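**Q** Construct the complete structure from the given sequences, taking the supplied hints into account.
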Amino acid sequence: NAGVTQTPKFRVLKTGQSMTLLCAQDMNHEYMYWYRQDPGMGLRLIHYSVGEGTTAKGEVPDGYNVSRLKKQNFLLGLESAAPSQTSVYFCASSYEAVGLAGATDTQYFGPGTRLTVL
Amino acid sequence: RKEVEQDPGPFNVPEGATVAFNCTYSNSASQSFFWYRQDCRKEPKLLMSVYSSGNEDGRFTAQLNRASQYISLLIRDSKLSDSATYLCVVNPPGGFKTIFGAGTRLFVKA
Numbered sequence: 002n003a004g005v006t007q008t009p010k011f012r013v014l015k016t017g018q019s020m021t022l023l024c025a026q027d028m029n030h031e032y033m034y035w036y037r038q039d040p041g042m043g044l045r046l047i048h049y050s051v052g053e054g055t056t057a058k059g060e061v062p063d064g065y066n067v068s069r070l071k072k073q074n075f076l077l078g079l080e081s082a083a084p085s086q087t088s089v090y091f092c093a094s095s096y097e098a099v100g101l102a103g104a105t106d107t108q109y110f111g112p113g114t115r116l117t118v119l
Numbered sequence: 030r031k032e033v034e035q036d037p038g039p040f041n042v043p044e045g046a047t048v049a050f051n052c053t054y055s056n057s058a059s060q061s062f063f064w065y066r067q068d069c070r071k072e073p074k075l076l077m078s079v080y081s082s083g084n085e086d087g088r089f090t091a092q093l094n095r096a097s098q099y100i101s102l103l104i105r106d107s108k109l110s111d112s113a114t115y116l117c118v119v120n121p122p123g124g125f126k127t128i129f130g131a132g133t134r135l136f137v138k139a
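Same order as they appear, the protein sequences are chains A and B. For the first sequence, the working numbering assigns the number 2 to the initial residue and increments by one for each residue that follows. For the second sequence, the working numbering assigns the number 30 to the initial residue and increments by one for each residue that follows.
Treat the hints as calculated values from the structure; they're not laboratory data. Bear in mind the structure is a predicted one, so any value in this text is a computation, not a measurement. Do not rely on the hints blindly, as some may be mistaken.
[What the hints assert, rightly or not] Calculated pairs, DSS-like style, for lysine-lysine (alpha carbon to alpha carbon, straight line, at most 27 Å):
id, chain 1, residue 1, chain 2, residue 2
1, B, Lys138, B, Lys71
2, B, Lys74, A, Lys10
3, B, Lys108, B, Lys138
4, A, Lys15, B, Lys71
5, A, Lys71, B, Lys74
**A** Written out as structure tokens, the structure reads:
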């Protein structure tokens, strides 16, 4: 049981390049999330998914796209990377829908991807 | 005003000390509250949920003060292994809007 895994762990891009971050979970969770974490700021939600084939925008979705073709995978794409997208990206999953009234379920996070855009 | 605010610290305490962190939130209708722990260059992990009546898990005690809109985390008998960043997490109403604080850094020294 690997939990939540992310690939790659590190990546350096040049401005304008594209890339895809892969998140996989083996806990059969319906809900998956992509966050970015920047120094001095809390994790911010980029996009999320409530199930296979569905995606929705979070707090900071601009410049990113996502897909959830399979329940266990959630992909985050950067079509044209910018230096402002330099960050640590975390994927998470949960059994219940976090953020709803009375939700007590935890989110399980992947180890993160450290992305630098030059 | 930020939706969730934490003192960034760092808090430097000796082993065995008691240390407390507060976290304030702006939306009075927020429903759920949590403390996560994040080790250096690692992912966040749930430490404990915060219930209205307060709750305790070993050396850790979490409390919620709705009137003043803050939650607190108390760590008793600090261990070296408690050194980490502690993230306050608040769920305001509306769904899928988990708000993470920027974290409070704790260093426990021998």
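**Q** State for each hint whether it applies.
**A** Comparing the hints with the structure gives:
| no. | hint | result |
| --- | --- | --- |
| 1 | B/Lys138 <-> B/Lys71 | holds (21 Å) |
| 2 | B/Lys74 <-> A/Lys10 | holds (18 Å) |
| 3 | B/Lys108 <-> B/Lys138 | holds (8 Å) |
| 4 | A/Lys15 <-> B/Lys71 | holds (25 Å) |
| 5 | A/Lys71 <-> B/Lys74 | holds (25 Å) |
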